[in-house]
Amino acid sequence: MNPVLSVWNLIATYVFLPTDLIIQWVSDFFNTTMDILLHLPQYAMEFLTVNAKPILQITILPGLAWVIVYAIIAVWFERKFLARAMLRVGPYYCGGKAGWLQLIADFMKLFFKEIIIPRDVNWLFFLAMPVLLPSVPALAVILIPFDTHWVLWDVGGIGLPIFFAIAGIAPLIPIFTGWASKNKYTFIGAWRVAYMYISAEIPMVICGAAVAIMTGSFNLVEIVKAQQNMWFFVPQFIGFVVFFLGVFIQSERTPFDIPGAETEIVLGWRTEYSGVLYGFVMFTEYVMLQAWALLFLTLYMGGYNGPVLFGAATASHIFWMVLKFVTLVTLVILCRCVFPRLRMDQMLKLGWYYLTPLAILNLIVTLALKLMGVF
Amino acid sequence: MSRVPESEFVEVMKAAYGDKIKSAEVLRSKRASVLVKRETIIEVAEALRDEFGFTIPVSGGAIDYPKEERMQMMYYLMHPEERFILIYRVDLPREDLRLPTLTQVWEAMSFHEREAHDMFGIEFEGHPNMIPLLLPPDWKGGHPLRKDFKGEGVAE
Amino acid sequence: MSEPEIVPDIMRISWGPQHPMSGQTRILLDLDGEKVHRIIADLGFTHRGIEKILENRTFLQGIVPIERMVMADTPNIGICYIKAIEEAMGVEVPERANWIRSLVCEMARINSHLYAFGLQAESTGYFPAVFLWTTVDRAWILQLFAELTGARWSLNFFLPGGVYKDLPEGFENKVIEGVHYLRRRFQKYWDAMVENYTFEMRCDDVAILKPEDAIRLGATGPVLRGSRVAIDVRKDEPYAAYRDLDFEVITEDACDSMARTKVRFREIVQSLNMMEQIAKEIPDGPVRTRVPFFARPKAGEYLSRVETARGELGVHLFTDGGMNPYRVKINSPTLRNMYVFERLAELDEILMADIPVVINSIDPWYLDSDR
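Chains as they are written, first to last, in this note's numbering: chain A, 1 to 375; chain B, 1001 to 1156; chain C, 2001 to 2371.
By construction, these hints were calculated from the structure, which means they are not laboratory data. Take the hints with a grain of salt, since some may be wrong.
[To be verified] Here are the computed distance ranges between Cβ atoms for each label pair:
#	chain 1	residue 1	chain 2	residue 2	range
1	A	W123	B	F1149	24 to 30 Å
2	C	D2032	A	W352	18 to 24 Å
3	A	I116	C	R2048	28 to 34 Å
4	C	Q2018	B	N1129	23 to 29 Å
5	C	M2011	A	P357	29 to 35 Å
6	A	I68	C	Q2018	30 to 36 Å
7	A	K349	C	E2169	55 to 61 Å
8	A	F81	B	N1129	47 to 53 Å
9	A	M108	B	F1149	53 to 59 Å
[To be verified] Chain A regions said to be covered by chain C (calculated; three or more residues, Cβ under 8 Å):
#	region
10	182–193
11	313–325
12	344–353
[Unchecked claim] If you want the footprint, here are the derived chain C segments under chain B, 3+ residues with CB under 8 Å:
#	region
13	2158–2172
14	2288–2294
All residues carry an ideal CB built from backbone N, CA and C; glycine is no exception.
Please model the entire structure based on the sequences and the hints provided.
As structure tokens, then:
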């Protein structure tokens, strides 16, 4: 054995060969990257033209822009409307006499404020929950159809149960938040949330089941199509009333904003948040209202049905949906100026003694009508 | 208005309880005053409430007479029908400021006795809840409404 | 703090000074779920030592600090101290001054009751709507005060011997105009808010205080009159012009928070009637009897009582012949009512959601109980 040859073998195996491989890998990498970069515009155009409609839906309607712009306009409208009812003017200085820039100013202010985290708090939950809070109801918003083929999340026929499943998760997040904030007031807010949501959700699910029975399908598009001749609030009048009250309860609006009752428990489960997290938490209230209001419109008020304007079917369906939604939100905001807040035990009595039996009655009436072949 | 309930009351009081009180007098219309001895304060108070009908406790306070070396604790009572005020007083020597509590007769005197304790240093024996009412709980100064209070407090 | 101990399974909440609805005090609530087990009132946050201050001021100087006891109806407090000084000095007040004093006192009573009503509606969650309506309506009263005395809230308009100066020209007509305006608004308030179904749901049968308990625990003012007991200092010991004005003592039968709120509301109507009567029938004459600036009344003790908006205020003045009072003992209405509030948890079942409603039906003003 030649010792020089064996040493040369060793060097070749452990030094030259790996180096060679490395140089080859690096040059391969550069080649591929340059290839992609040069062809990038072509790839992007292909991507966009194939996925045009979903992108439009995700970013604009009913996706990101819809939710955010609605929240901004709703907050501005609520502040002006409430102010007029209270003999005040509302936002007046930002953006001319109407004050429409006030919202942008407030949101920017929240960005620059300090996020205060109390010392003993469960910081993982504390920071994670405000991100989840608007996301979960927004997930429910994207199930709603704005036209026959304009559904962002097309679950293919089980839209209604999936909506209720997401709505079942929704109360858990304020409960976690209230617990994680380590404060007696937020703890009270958390258990109030638990009581209130459970007592309201059961009648609403039963009403939803009645609508599904009347249609014969769980698909939200089918439900809207079945209302082309007569909106469902006529045959299901009891369910209409129960669900309408449920919309108020589930989105924590006056007269049912008990978990966030400012005069009693500061801000309830939202007390400890400041800065951007506070912005998220306040944003949630409007997203929840939007989710439940849209479902209410779909189930009882004909969804996107309406006379076709100027022959453009898709655009006019979207227009009718938005118009109905704006009317409903105005009505909800009006109720805020007029009613005081109910007490917890009065609200529970309402939910368990009145809403649940009425919902079951509604279900029985629907079954009877269906079996008798009226619908 | 020929009947003057205050003087009628003072007459009956002097006749029935003359030995247990030091004096009873009418100050002006609708104001009467009874000065009682410290030993018989509870007995006379119960008589005032049950027999004479002074069921409304109005207030209570004290006053400091350093020159005469005494303090006087006053309780204000009102009669619901006759509507005149009775000032029920007791003299305490400045070295020995103890008094049995009148919350056993009129429950609402609790707050007023706590205040007299804070401001003057009068000890009420048997008071259910003797914690500072108006002063902070870590007050280490003197008793503010005494005449020899120099303005000391929690100086930090 | 050396508080009573906490029983296991009970959660103690500090309805503390840092709370939207607590006012300037701390109330400790022992909660068992939503039910309130015990209430402990922790007063003394605004203790300023007014009684000690008054011992170091002359009689005329002392009128200013004592009016700061309750900011909403300052004339009623000023008149109590001034009556005691006038009794000590033996000063006779002219007739017209008495009528002007009654006018200003009744306007302040309306101011205070409207404020209390706004707070009561806000505590049920009405969001500030009703409170802002009452603020707008109180504005004309405060405007009239500003024209008459130069100040809106703490007037310092009364002096021993009368009032500071006469009513300006046309003041009576403005008063009558304002009375008619507020009568129309009052009907709106009654229909839209007091007879509101949800407001009744929140306030009916909440914290019932029976008449025997109200008397035994020393309640005063609308708290006492809302429990069927008709005691009012303006009828028992008429002062200022109340002997000549016709009004009634308002009581309610229901004994709950709604009754106390309604008593305040109907007292506003009585005050409006009195204001109209004064504006029409006020006699002419001088408005002030001159009193020496550094007065030295003779030694003695003088107790004067007045009905403020919150209840009966007493000022017991001890003089020793010097320029300053020897001692001023103030019997505050809110201190009496706070004791009633502490015992309400034992008398009736109160839920935590009722606490703001109950507090505002008792209408405390903590500067008054702390002095």
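Hint check:
no., hint, result
1, A:W123 / B:F1149: 24 to 30 Å, "50 Å, violated"
2, C:D2032 / A:W352: 18 to 24 Å, "21 Å, holds"
3, A:I116 / C:R2048: 28 to 34 Å, "33 Å, holds"
4, C:Q2018 / B:N1129: 23 to 29 Å, "25 Å, holds"
5, C:M2011 / A:P357: 29 to 35 Å, "34 Å, holds"
6, A:I68 / C:Q2018: 30 to 36 Å, "33 Å, holds"
7, A:K349 / C:E2169: 55 to 61 Å, "60 Å, holds"
8, A:F81 / B:N1129: 47 to 53 Å, "50 Å, holds"
9, A:M108 / B:F1149: 53 to 59 Å, "55 Å, holds"
10, 182–193, "holds (count 3)"
11, 313–325, "violated (count 0)"
12, 344–353, "holds (count 3)"
13, 2158–2172, "violated (count 0)"
14, 2288–2294, "violated (count 0)"
The structure fails to meet hints 1, 11, 13 and 14 from the earlier list, while all remaining hints are met.
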